[in-house]
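In order, the protein sequences belong to chains A and B. Count the first sequence with the working numbering and you get residues 1 to 359, in order. Count the second sequence with the working numbering and you get residues 360 to 656, in order.
Any given hint might turn out to be false.
With a cut-off of at most 25 Å between alpha-carbon atoms, the simulated PhoX-like pairs for lysine-lysine come out as follows [claimed, not checked]:
| id | chain 1 | residue 1 | chain 2 | residue 2 |
| --- | --- | --- | --- | --- |
| 1 | A | Lys-73 | B | Lys-478 |
| 2 | A | Lys-224 | A | Lys-208 |
| 3 | A | Lys-130 | B | Lys-560 |
| 4 | A | Lys-73 | A | Lys-208 |
| 5 | B | Lys-478 | A | Lys-20 |
| 6 | B | Lys-560 | A | Lys-113 |
| 7 | A | Lys-73 | B | Lys-560 |
Here are some of the chain B residues that sit facing chain A, going by a computed Cβ distance under 10 Å [said to hold, decoys possible]:
| id | residue |
| --- | --- |
| 8 | Pro-544 |
| 9 | Glu-546 |
| 10 | Leu-547 |
| 11 | Ile-553 |
| 12 | Ala-556 |
| 13 | Lys-560 |
| 14 | Ser-564 |
| 15 | Pro-568 |
| 16 | Arg-618 |
| 17 | Ala-619 |
Computed list of chain B residues with no C-beta within reach of chain A, every gap over 12 Å [claimed, not checked]:
| id | residue |
| --- | --- |
| 18 | Ser-435 |
| 19 | Leu-504 |
| 20 | Phe-548 |
| 21 | Ala-551 |
| 22 | Ile-561 |
| 23 | Val-582 |
| 24 | Gly-616 |
It is worth saying that the hints were derived from the structure and are not from the lab. Glycine included, every Cβ here is placed at the ideal spot set by N, Cα and C.
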Amino acid sequence: MSSVSLQNIDISYGNVPIVKKLDLTIKDGEFLVLLGPSGCGKSTLLNAIGGLTDVSGGSIFFNDKDVTWTDPKDRGIGMVFQSYALYPTMSVERNLSFGLRIAGIDRATIEKKVKWASELLQIDHLLDRKPSALSGGQRQRVAIGRALVRDADIFLFDEPLSNLDAKLRAELRLEIKKLHKTLKSTMIYVTHDQIEALTLADRIAVMKDGIIQQLDTPLNVYNKPANEFVGSFLGSPAMNKVEGRLVSEGESRFFIAGDFRLDVSRYPFAQNIESSRKVVLGLRPEHILPANGSAAAIEGQVSLVEPMGSNILAWSTFDGVSLSHLVGQDDSCEADRTFPVTIDVQKASFFDAETGWRL
Amino acid sequence: MSQAKSATTKRPLTYHEVWGRVGIYAFLGVLALFFLLPLYVMLVTSFKSMDEVRLGLIFSLPQQFSIDAWVKAWTSACTGLECTGLQVGFGNSVKILVPSVVLSILLGALNGYALSFWKVRGANVLFACLLLGSFVPYQVFIYPLVRFYAKTGIYGSLPAIVITHIIFGMPVMTLLFRNYYSGLPLELFKAARIDGAGFWKIFFSIILPMSVPIAIVAVIMQVTAIWNDFLLGLVFAGRDNLPMTVQLNNIVNTTTGERAYNVNMAATVLTSLVPLTVYLVSGRWFVRGIASGAVKG
Ligand SMILES: Nc1ncnc2c1ncn2[C@@H]1O[C@H](COP(=O)(O)OP(=O)(O)OP(=O)(O)O)[C@@H](O)[C@H]1O
Ligand SMILES: [Mg+2]
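Start from the sequences and build out the full structure, keeping to the hints where you can.
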């Protein structure tokens with residue numbers, strides 16, 4: 001087991017900086033997810049941790065040992081790639097044992113390890129097949145198995161499930177989680193799928209343009225996004241964003257956007273806010289609740305409803321502000337009618353209109 | 360795509376299309392005849408006796424079918440002073456061909472592998488130079504190479520001609536393999552690095568076994584080119600290693616006495632047999648190599 005510490009990492013391709021001045025510490029046995037949109041540098045960073053891409057600045061430490069220039073094979077890592085990257089001319093058994101054979105480990109041990117990994121991943125009946133004779137899910141298991149037999153301290157996953165269909169993805173996601181429970185090794189997992197990130201991670205690092213925007217537990221990343229980008233990147237259906245001003249009136253504080261007026265006195269601001277500051281209000285659809293006769297209800301004009309299975313996403317206009325919100329199937333919310341809601345202000349987010357950072 | 364294609368061919372053809380087809384096939388047929396005609400003439404002539412050849416009916420079938428000309432071409436036709444037929448040249452050609460083909464392909468594969476996976480500093484410049492090399496007419500190199508071999512003392516020997524073939528085959532072989540390898544996923548290579556494989560291990564255990572389809576293409580190209588080579592063999596191989604093509608030329612161009620057209624024809628067909636066989640045999644392997652999924656993981 002190992003902790004990982006990245007200090008002031010810079011990575012560039014030619015003259016193009018991809019990862020900039022990045023600091024990140026991953027605890028021993030932690031499951032860290034790197035989450036971010038396509039092209040933000042997640043794979044690049046992961047490759048650098050694995051020693052497959054050279055950093056142009058900064059240092060990488062495993063357990064306080066500087067491994068910045070250590071060869072990939074000596075880092076004690078196992079890596080699973082997005083494209084599986086199985087050796088196509090070798091059988092599953094050979095794929096699993098390739099690294100061990102190179103390391104010159106004796107036959108009996110190799111056999112034992114291959115057996116252990118293949119049973120754990122339920123691929124023991126496929127050992128004689130070539131990768132081309134496997135399904136996508138089976139290939140991915142073999143790829144994971146290849147990382148497992150190496151007795152790695154650190155596992156690196158680069159979007160291992162993105163080529164699979166939704167059902168298989170959910171299945172394998174669960175298995176990876178179980179695997180982490182069993183092995184208790186450090187895992188770094190790259191994805192752009194927020195569900196994967198939220199379900200698997202101990203902590204999530206949300207990246208954009210090679211910079212970590214927020215590093216926190218899934219709950220905090222979801223509930224208290226550090227900036228507008230994180231707020232809108234996570235959550236489906238997406239967060240509502242409304243531009244407006246904060247106005248203090250006596251003890252109370254209001255959010256005002258045109259005719260729209262919301263009492264936000266109960267919102268826990270992290271700092272003192274001067275009056276009439278320009279802000280963006282971030283409201284998740286599930287934090288706008290059917291009023292059920294509450295006194296603080298505001299009326300919305302429903303313009304569209306989208307049934308989503310377990311509940312319904314409604315689009316309504318409140319005093320000129322259009323918001324999406326979730327309603328139950330029994331709430332009789334129909335288009336072109338009015339519908340009363342209450343807004344859970346404590347769970348809302350306010351961002352500075354200029355910088356986008358959380359207030 | 361294939362579905363759409365078969366759908367169009369399954370549909371009954373219209374009147375116009377039928378005539379279109381007939382036209383196309385007629386055209387192709389005429390072309391094929393045109394190209395096959397010399398071969399036909401060669402074959403029928405080679406099975407005639409000289410008496411029959413003298414009649415000058417080059418398109419007629421042999422009256423008396425005889426393989427004497429073939430036997431003579433192989434065992435006793437005169438190539439200059441010696442009269443031992445083509446068999447010596449055949450042996451020489453094989454001796455030149457096998458190491459030249461194997462080594463030039465290995466070297467091309469190795470070059471392509473290094474260029475596409477190891478990203479050596481200045482790899483692109485190197486590659487550009489190699490490509491440029493393949494555009495320089497090779498007559499330009501002959502004299503410097505002669506001097507070079509003479510200085511190193513291997514001029515006119517088997518190593519000299521093999522090295523020459525390797526050098527001249529390298530640009531194309533490198534290009535061929537580099538292009539093939541650049542289509543392979545880089546992650547495969549990364550996975551092997553993490554598994555602890557080094558430069559040679561990755562090459563021999565992973566990359567080379569995946570290269571079967573392109574290697575077959577390379578074999579076809581190199582066998583044809585090296586077997587058909589005349590100039591390099593004449594210049595570099597030396598008296599004892601003259602390849603079949605050079606000896607064929609000697610047989611055909613002997614000026615003393617009557618020209619034995621039947622022997623010349625037989626000798627020519629014999630000489631072209633190897634490239635022909637390679638095409639026929641390896642074509643099937645080639646298709647099989649692709650179909651067996653050697654390319655896709
Ligand atoms: N070999 C390369 N040469 C030049 N630029 C590259 C190279 N590889 C990646 N990049 C660039 O680096 C940036 C980050 O790429 P990276 O593969 O790390 O993205 P990612 O976050 O993993 O995206 P995805 O989710 O699509 O996999 C991209 O803008 C990409 O264009
Ligand atoms: Mg990626």
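Results for each hint:
no., hint, verdict
1, Lys-73(A) - Lys-478(B), "holds, 19 Å"
2, Lys-224(A) - Lys-208(A), "holds, 17 Å"
3, Lys-130(A) - Lys-560(B), "holds, 20 Å"
4, Lys-73(A) - Lys-208(A), "violated, 29 Å"
5, Lys-478(B) - Lys-20(A), "holds, 23 Å"
6, Lys-560(B) - Lys-113(A), "holds, 22 Å"
7, Lys-73(A) - Lys-560(B), "holds, 13 Å"
8, Pro-544, "holds, 5 Å"
9, Glu-546, "holds, 4 Å"
10, Leu-547, "holds, 5 Å"
11, Ile-553, "holds, 5 Å"
12, Ala-556, "holds, 6 Å"
13, Lys-560, "holds, 6 Å"
14, Ser-564, "holds, 8 Å"
15, Pro-568, "holds, 4 Å"
16, Arg-618, "violated, 54 Å"
17, Ala-619, "violated, 52 Å"
18, Ser-435, "holds, 49 Å"
19, Leu-504, "holds, 38 Å"
20, Phe-548, "violated, 8 Å"
21, Ala-551, "violated, 7 Å"
22, Ile-561, "violated, 10 Å"
23, Val-582, "holds, 24 Å"
24, Gly-616, "holds, 59 Å"
When held up to the earlier numbered hints, the structure conflicts with 4, 16, 17, 20, 21 and 22 and fits the remainder.
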